[in-house]
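On the provided structure of chain F, position chain C as indicated by the hints.
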Amino acid sequence: TQLLEQSPQFLSIQEGENLTVYCNSSSVFSSLQWYRQEPGEGPVLLVTVVTGGEVKKLKRLTFQFGDARKDSSLHITAAQPGDTGLYLCALSRYGNKLVFGAGTILRVKS
Amino acid sequence: DAGVIQSPRHEVTEMGQEVTLRCKPISGHDYLFWYRQTMMRGLELLIYFNNNVPIDDSGMPEDRFSAKMPNASFSTLKIQPSEPRDSAVYFCASSLLEGGTYTFGSGTRLTVV
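Chains as they are written, first to last, in my numbering: chain F, 1 to 110; chain C, 1 to 113.
Here chain F stands alone, though its shape is the one from the complex (with noise of 0.2 Å):
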């Protein structure tokens, strides 16, 4: 059973402050992919992830892929109020179905 763990959980902060989210797994896999769900929506993609080591960047959202394509994170600079959401991780395994982790709850006060 893979294992997929999000940090944290629940995040509160104010707006303009920096923050990391974490995602790591027990094995290793061949895509992460991170979505964002707002309330009362579905989660939407932000981006995907293949190659270990790979760092890409989405405006203030820098997404990070490790060496050993074992764990991954996001972070925001600066961030915003309409950066409140709900962060999924989710990763594939040779192009199997997507595993997600639980997320991470943000909230960006004004």
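All the pointers check out, no bait thrown in.
Which bits of chain F does chain C cover? Going by a derived footprint, with three or more residues having C-beta under 8 Å, they are:
1) 26 to 33
2) 41 to 55
3) 96 to 105
Pulled from the structure, derived: some chain C residues nowhere near chain F, Cβ distances all over 10 Å:
4) Glu14
5) Gln17
6) Asn52
7) Arg64
8) Phe65
9) Lys68
10) Phe74
11) Thr76
12) Gln80
13) Ala88
14) Thr111
15) Val112
Derived by calculation from the structure, the hints in this document are not laboratory data. Just so you know, even glycine gets a beta-carbon here, dropped at the ideal spot from N, CA and C.
The following block gives chain C in isolation, referenced to the frame of chain F:
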């Protein structure tokens, strides 16, 4: 494309009643997934289809739950009889590839009283 369309958005029903949730995937997507989301258990995969054929239903909680995909553009998830513990948000998602990008619908919030 309008994305994945789910209906209804909200459903309130009495215990024991039959509930049917509906999903229209993105045209051309070969995979369709049904998820249930609760605060306690997070996002749980219930069942998924490939080319209208059920591939893995190991996440279906019990025989009260059933899902069908009669054609490439429509799927249903039925609960009969419904129980209060079935209250959750149910999501449908579709994808071109099994491990590819999933596009989720807006979900159906089910409340069983």
